[in-house]
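From first to last, the protein sequence lines stand for chains A and B.
In terms of this note's numbering, the first sequence has 228 at position 228, counting the first letter as 1, and numbering is strictly consecutive.
Residues are numbered in this note's numbering as their position in the second sequence, beginning at 1, plus a constant of 601.
If you are wondering where the hints come from, they were derived from the structure by calculation, not from laboratory data.
DSSO-like mimics (lysine-lysine), calculated; alpha carbons at most 30 Å apart, straight line:
| id | chain 1 | residue 1 | chain 2 | residue 2 |
| --- | --- | --- | --- | --- |
| 1 | B | Lys818 | A | Lys337 |
| 2 | B | Lys938 | A | Lys224 |
| 3 | A | Lys59 | A | Lys79 |
| 4 | B | Lys660 | A | Lys59 |
| 5 | B | Lys1009 | A | Lys59 |
| 6 | A | Lys51 | A | Lys408 |
| 7 | B | Lys938 | A | Lys285 |
| 8 | B | Lys886 | B | Lys818 |
| 9 | B | Lys938 | A | Lys217 |
| 10 | B | Lys1009 | A | Lys408 |
| 11 | A | Lys408 | B | Lys660 |
| 12 | A | Lys332 | B | Lys818 |
| 13 | B | Lys747 | B | Lys680 |
| 14 | A | Lys337 | B | Lys825 |
| 15 | A | Lys332 | B | Lys886 |
| 16 | A | Lys408 | A | Lys59 |
| 17 | A | Lys285 | B | Lys933 |
| 18 | A | Lys285 | A | Lys217 |
| 19 | A | Lys332 | B | Lys825 |
| 20 | A | Lys146 | A | Lys79 |
| 21 | A | Lys224 | A | Lys285 |
| 22 | B | Lys652 | B | Lys1009 |
| 23 | B | Lys660 | B | Lys1009 |
| 24 | B | Lys825 | B | Lys747 |
| 25 | B | Lys933 | A | Lys217 |
| 26 | B | Lys933 | A | Lys224 |
| 27 | B | Lys886 | A | Lys337 |
Protein chains: 2
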Amino acid sequence: MNTPLLNERDITFLLYELLDTASLPLRERYREHSRDIFNATLQTARTIAEKYFANHNAKGDANEPTFDGQNVHLIPETKEAWDAFSGAGFLAAGYDYDEGGLQLPEVILRTAMAYTNAANISTTGYLFLSIGAANLIHAFGSPEQKTRFLPPMREGRFAGTMALTEPAQGSALADIRTYAVPQDDGTYRLFGQKMFISGGDQSLTENIVHMVLARIKGAPAGVKGISLFICPKFLVNEDGTTGNRNDVALAGLLHKMGWRNTTSTVLNFGEQDGAVGYLVGEPHKGLNYMFQMMNEARIAVGLGAAALAYQGYNHSLDYARNRPQGRLPSSKDPLSKQVNLIAHADVKRMLLAQKVYAEGSLALCLLASSLFEDQSTAPDAEARQRAALLLDLLTPVVKSWPSKYGTKANELAMQVLGGSGYIREYPVEQFYRDNRLNPIHEGAEAIHGIDLLGRKVGQQQMAGYQVFRDTVGATIAESEGVEAVREFAAPLQTAMAMLDGVTRNLLNVMAGNPDLGLANATVYLDLFGRVTMAWLWLKQAVVAANGLSVEGLPEADRHFYQGKLHATRYFFHWELPETGPMADLLNRMDSTCLDMEEAWF
Amino acid sequence: MNTPLLNERDITFLLYELLDTASLPLRERYREHSRDIFNATLQTARTIAEKYFANHNAKGDANEPTFDGQNVHLIPETKEAWDAFSGAGFLAAGYDYDEGGLQLPEVILRTAMAYTNAANISTTGYLFLSIGAANLIHAFGSPEQKTRFLPPMREGRFAGTMALTEPAQGSALADIRTYAVPQDDGTYRLFGQKMFISGGDQSLTENIVHMVLARIKGAPAGVKGISLFICPKFLVNEDGTTGNRNDVALAGLLHKMGWRNTTSTVLNFGEQDGAVGYLVGEPHKGLNYMFQMMNEARIAVGLGAAALAYQGYNHSLDYARNRPQGRLPSSKDPLSKQVNLIAHADVKRMLLAQKVYAEGSLALCLLASSLFEDQSTAPDAEARQRAALLLDLLTPVVKSWPSKYGTKANELAMQVLGGSGYIREYPVEQFYRDNRLNPIHEGAEAIHGIDLLGRKVGQQQMAGYQVFRDTVGATIAESEGVEAVREFAAPLQTAMAMLDGVTRNLLNVMAGNPDLGLANATVYLDLFGRVTMAWLWLKQAVVAANGLSVEGLPEADRHFYQGKLHATRYFFHWELPETGPMADLLNRMDSTCLDMEEAWF
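Okay, chain A solo, but in the shape it has when bound:
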């Protein structure tokens, strides 16, 4: 069975029917591009993903990296994948031509990475971190730092990491302890330990550029005393050649349930005389800078989760289509032919749920990438501002919803396969194990609920929220004019009004009692995510309904659009109604969890 990584028809739909990617070449930055070039780029990515990433997804899982005390060893296919991806120019793709880049729009780059994620999320991990680290230096580094580090990072000779978490600190960055001592030459010496650093050591590149959060000695407590440093594994000489080993040592590898081909490391900084670090930007503003990389990584996490959900969906769909199993309840004759699994209503339920989670997640992440694009290259200033506001608001949802429901999709894929889903002889159990990291890293789920409700929704007099309301409202208005989807306008209107009410109530309570107001922020995140996804599905349904009205439509397109319509129906009939109990719980400021005493557990 040759199971596709994603679904070519859906990619076309998302990029060119749902989003307006085809118009990007009208923008100054992209005038040398065209839809054909975008497609050829994606075709290259898909070929690389199939040939160099999918080939060792199971092998990397079964043969995780080892550390011999000196060096880390990865299976050799990992390096081939890294070389193929960087050799095709993808590590530099987002940069301007004069920086050695391809001036590729963000949404095309991220779609390209959806393929590699679907093929092998573990190997892709090294790539997305390196792209993010380079982008961080690009945005906030000094000219000298850019000159020294960016060319080799774009060429794939250096990789990058984000070194935030410490053994005693998980999501609570305010309390990190790694510290930096200023030196006379303007550099710093770093001392401390970082944990769960993905790609913190490997055998892919000649150097690794760690982006490290640390406190300069004497800095204020909390998040306002955190600075950002570039701290390479090997020092880089003036002439760009690789110099001495820096005082950054691999203390050990961690052994994950999934994502096994990405090293997860404990790193010791400054076991001897301190690791040489270069301050990025101004002191004490490191967390602000790092938020760029974190936000980028959050979208990338959502995208990876979406891609894994898609893989599980595709595999379980193939299985369900080809496996004869039992008969329908109405058929009592044991001599009648068995039906395929897909004929059973409950199997269809599990496939439909996966379809809305996988396709919906991918739509959400590509929308986010499109907003990321628009915030800097949309033609008019207001559009740029609205894109930035909406992206900022939605980032917690983009990170969390695909992570939670993509993982759930993979659980359902396992269930469709039954016993076969539970054994390593089939690929789906690995998807679940891989995906399960996504609700944890880049801020555990609860962090994003607090970010959304405690910061994003209320900030700038709810400007971002207002853009969201307008955007949803526009889709509702549009849907009212489309016969096939009109039925969904009122339920989404109701859900949006419910979200408005809940939001108002929570913001009021939070002003006086933040502990109570934020107690159920995770539920708020889920509620907000469901409304967002209902909107995105309705938006897709409008496009599909319009597509169906074209005369002489090929049968395959008709089925595809019908699938989008029916998946929307599923979302509105099965998933959206659960917002009711959530809103009730939030509106009554349920304090059950808050009130639970430790001694009662």
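Got chain A; can you put chain B on it based on the hints?
Positioned in the frame of chain A, the structure of chain B alone reads:
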């Protein structure tokens, strides 16, 4: 950290406060028993579990069984655990004294196994299957079969398996193809292949007794042509000594995501001249007989899921109590001391959810074991009949609810630990991997929804359902007289009435259109399970409230009872309201899944 397997206070509560286990010695069969003997037995089980099962839970996961082409190799601790358990008499515990047993009540035996499951579900797998296989022979075997096979099975010299599933058939037993050819000597020769046979080969016992479903040549099609056979790995001579190898060959081991220390096998029967099999009972009635073992296994699966949920809860609770992390939203001072994880409302949510899933699941399974007991030893005939009816009705819930929500509990345990939850350096990720089998084996979830709605609810003029209604009603009535829990009476009443309505509507539709009526049976199973658990939590809350009213109660007991009360509050405020959308969906006979066409995926 010395994390307990279960919770001693809760075991006492469940056995002696919620259930009336203390009165069992009043029954004729148990008159030589006492509460002290029960407790000593459980203490023995706990000690064995801690010493011989917990010791190799991680090791067995990391070193799964291997097959060298001749023999299967398990880590040696597995055999030590088997010997300790059988040496203490637990394999024979349920049998009468004159059969070499301990006449131990079912509920005590199953509580004992909750300890071994919590310590090592994979090693426990061999035991519960062997007990089940022996019980099956005991119930339906001929005197000669009992004489030949039961003594060594009770002594732990022979193990047992259930060999139902075939490569081309998962849950659809009607279509199994293994066949049996009658011989002149009254035995049969079996030919066919079985798959996913747990314990199908191992290095623990001198023989393995496979309980095999097969069709006698010429038998009717479907479930009415299935017979049950005893088919040992080695033939057993007249004098009880082990004879020649039977024609049952291990084709290979399967490699599971979890449960790795239990072999999962593909077995070939009759590669040469046929595997010698002994017909149990009458021809073509095999599935009826096997239902005894399946029902027993279904309760055992629920119990195992409950025990794993409990372990995850205990570990994440320890972690949350001891890990400083961040501050409450109301505390803005970065110099203030960090709080422990458990102080955060969202962490309390994840712990409370685990508490209701784990403790609720264990309560449900011990209730089922108590009903199992009562159906044969309750003093009066009506009580025996009511217990049998209720157990039969609830078996799909007992199998499925702990499997689904126990797995969810383990997912939450991982989330509480964050990054640490995802790495094999901590035990919780294994619990999830182990537990994920439980919603699959012994009938995937959908099978139990169809069993509940399609068979159990309607059968015998809804006699079982009526017993359930009466039982729930009695708890509601009782709760109305108890101040601290009165608030829960009305919501449960409402939920029960909702279930009544849904059940009536579905049965009506099913009579004319079984495909539509059963289309959403999995949702019905969840709805039914939630009402059942709401009842069980209210039942616990009544006991706790009464316990709290005792003067001079020790503080530890007060906290324990408060925990039960607050967990009930959580269940009623957070879990029960989700029945609303479920009932709406079922009442409107939602056909979204049924209507989805294969081509639209």
